[in-house]
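Using the sequences and the hints given, assemble the complete structure.
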Amino acid sequence: MALTRATVQSSRPRRIVTALLLAVAAWLCPSTYAQTRPARTVLTVYWSAENFPSTAVIDASIRRALVFDSSVLVDNFAEYLESDLFPPDDASEALRAYIRHKYSGRHIDVVIAVSDPALQFVLKQRAELFPDAAIVSSSINAPPDSTTRTAGAGVTGVVGGDAYDQTLDLALRLHPSTKRVFVVAEAPTLPLADMVREQLRAFSTRVELSYIEERSLDRLLAAIRAIPAGSLVLYVRQSQEDQGNVLFPSDVARLVSDASPVPVYGVSDSYIGSGVVGGVVASREDLGARLGQMSRQILAGTRAQDIPIEPVRLIPAFDWRELKRWGIDSSRVPPGSEIRFQQPNLWEAYRGYVAAAIVIVLVQFALISALLVQNTRRRQIESALREEARFRSAADTAPVMIWRSGVDKKCDFFNLQWLAFTGRTLAEEVGDGWAEGVHADDIAACMATYRAAFDACETFRMEYRLRRFDGEYRWVLDTGVPRFEPDGVFAGYIGSCIDISDRRQAEVALQEAHVELSRVSRLTALGEFAASLAHEVRQPLTAIIMNARSCLRGIAGEKPDLEDVRAALLDIVDAGQRAEEVIQRNREMFRLHRVQSLALDINDVIRAAIVLANGRLKESHVTIVTALADDLPTVSGDRIELQQVLLNLIANGIDATEPVEVGRRRIQISSSLTSDVGVRVAVSDNGIGLANVDRQRMFTLSYTTKPTGTGVGLSISRSIIEAHGGKLSADQNPDGGATFSFSLPICATDSHTIQRSPEDFVTGIH
Amino acid sequence: MTGRQSPLTVVVVDDDERIRRAIGRLLRSHGHIVHVFDSAEAYLAGECRADCAILDIELPNISGLELSERLRANGRPMPVVFITAHDELHILAAVQQTRRPLLKKPIDEQELLDAIARAMNN
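Protein chains in written order, with the working numbering: chain G, 10 to 775; chain D, 40 to 161.
Read the hints as simulated data drawn from the structure, not as lab findings. By construction, the Cβ of each residue, glycine as well, lies at the ideal position given by its N, Cα and C atoms. A couple of the hints might just be wrong.
Covered stretches of chain D, going by a simulated chain G footprint (3 or more residues, C-beta under 8 Å) [claimed, not checked]:
1) 52 to 63
2) 105 to 114
3) 123 to 137
Distance windows between CB atoms, simulated [said to hold, decoys possible]:
4) G/Leu561 x D/Glu108: 33 to 41 Å
5) D/Asp126 x G/Glu590: 20 to 28 Å
6) D/Glu56 x G/Ser738: 35 to 43 Å
7) G/Gly480 x D/Leu128: 24 to 32 Å
8) G/Ser510 x D/Glu105: 51 to 59 Å
9) D/Glu56 x G/Gly624: 52 to 60 Å
10) G/Gly624 x D/Leu128: 34 to 42 Å
11) D/Glu56 x G/Ala522: 44 to 52 Å
12) D/Ile101 x G/Glu590: 24 to 32 Å
13) G/Ile509 x D/Asp126: 41 to 49 Å
Here is the structure:
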């Protein structure tokens, strides 16, 4: 480089000459080196075959360490004892002959022996094959003793093998609930099983240890498959040396791991990657590096016996894929663990790209979302406007008055029909403006009904008087229904009104006609009765008067015909008796007056009576509610008369609630089954109650507390109820008002007759 | 009219036996001759000449009014006093058209004698 820099400013011909000189120098240099510093020879003897999985790893590490320092030229060779594949004596003898022949012209400086059989072979053949070579060994069980170490060029190396106990300890720490551990340790050429049992003896107090001693691969895998959950497998070694099917222990580790239903831990570095989760292992790479470094030290002049024998370095190692497979959190492995085969995730592999892609996607997402939201809002608004326009157009063409209110109970829309009716503008009517048009007598009930229905979210119907554009108050029937958004949220009310004044007037007129008709018919009935009675009594009266006159004439004469007077007097007596007979017969006739009575559903009778009373109830702003028991037995009686009783009681209730403010006037009619198997009907009101009523006299004829009352209603009602076998009573309500109730016996047969008393003949509302 | 005047022949048609007997007894005490019948049919069957007829309006089958009409139609009109225990307007109106006296029961003595006199004066 210094030459190159020096020639930077030189002329072109000089640059060419310099380049040629440099090329010649570069060609000459290696040969100069070779001549001055001859290459040294390192021979590595492996116990197993060249294709044994760990062999290649160790060999590569040794080579890397030997070439690390280029000041020493090294020829590195490798030979393979393969006493695990062939008969050990034959293998040993063959290799001895082979090396002797092959390396006869070479001076071997260092022999590296990998594994105990290789070290034994090297020490045994040392005198013949490697008389001056220093020995660097990797031994497991039989490290070189001190005599061996100092003999010849000396011996050093690494000692120590796989740590079964540490691996098992590690596995149990990661799987604390393990109950059984199945150990696979089978090696026909090694005293392995005993060694393993010895090392693991201490664990027998912690877990149940089971040794799978199956030489056959099929039976081994079958045993593995049968391992129960909650167990672990500790795979030490299993080599298959069946003819034509040579499987190395790591191959078997793969098969065992694949077959096992539980995690498998292995004790050898070469098993990591063959399906085991992990283990405390001697790193083969590390081992090769140390062997290479020690050899280099020796080549550099250090005596082998001066290099201390070191223990093999053990590290916890894991297969990242197996940790994932068994769901073991990689943060639980001990510190300093080596995790292999970790696959970088997408983020680790392509951090920049991923980040950029995420940013782009997010920006796009934000833009699209904003556009969508904007679009949706615009469509919603457009749709709402369209809906509103459609609603208004439909409402304005409807033949009824329509209003609409929001959740705040305030009205926000009235259709054209409404505005034409009231003669006001929409601006005047919205909110509570419409209420100004409601008649003063109706506004309280109207608002009470509206608010109560609103709070209960129920449909309502009410009638009230609404001022028309010409100032006339017209009765309207207003029906309101709750309305809901498409998502079911309550949105307020919509209602329609129709002018029912004409109908209502007709109803009132009809009702008045009914009342009049009933009064007239009652009077007619009375008149007929009286006329009939009069006719029958006048006959004997005429006879009495005529005969009495005859007597008077007879006794006034000078010679009275006493026989004739006597006959006349007898006729008078007879006629008097006849008159009494007439009266008696009429009494009897009424007493024995019988009406056919039928099985009745009392609830039907109540409903019919309410319909009849509806006009008066509305007129008086009295709300009527019912509490009718289901499945009541039938009662027997006269439908019309029981209705009459109910009408009387309702009329009493209406009169009683008159002092109560409008909107609170209330009558309740209930029906129920009594304890003595009868039916009870009660009519309650919240009126003035019975405080000013003479309870003793209230059911008697002509008793009344009303300025316009006749005092007949309750008397007749009681007569009717008693004729039906029941009893009418009145009670003061604890919270004000009165309750009139009557009970009726239930129907024993389909129909029967009711005996009537004469005063029952006179009926009617007081 | 008094009992001292010349005796009259009076027919009484009433379905009530007590009335027939009582009126008959009273008119006889005034010296009149009285024939009583319990129905229009009985009178028509045993028709006898009389100065005046006292007819109850409510007779079975043929009413007093109808009987009076029949007599007139047969060319034998007779003074008639109608009597009735009823006071319905339609009856009163029907009698009023005949322009004949009507007595409402109960009837007193003088009332009856005056009516007979009025009937005969018509």
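A quick look at each hint next to the structure:
1. 52 to 63: holds (count 6)
2. 105 to 114: violated (count 0)
3. 123 to 137: holds (count 4)
4. G/Leu561 x D/Glu108: 33 to 41 Å: holds (36 Å)
5. D/Asp126 x G/Glu590: 20 to 28 Å: holds (22 Å)
6. D/Glu56 x G/Ser738: 35 to 43 Å: violated (53 Å)
7. G/Gly480 x D/Leu128: 24 to 32 Å: Because 49 Å falls outside the window, the suggested range is violated.
8. G/Ser510 x D/Glu105: 51 to 59 Å: holds (56 Å)
9. D/Glu56 x G/Gly624: 52 to 60 Å: holds (56 Å)
10. G/Gly624 x D/Leu128: 34 to 42 Å: Taking Cβ atoms as reference, G/Gly624 and D/Leu128 lie about 35 Å apart, which means the hint holds.
11. D/Glu56 x G/Ala522: 44 to 52 Å: holds (48 Å)
12. D/Ile101 x G/Glu590: 24 to 32 Å: holds (27 Å)
13. G/Ile509 x D/Asp126: 41 to 49 Å: holds (48 Å)
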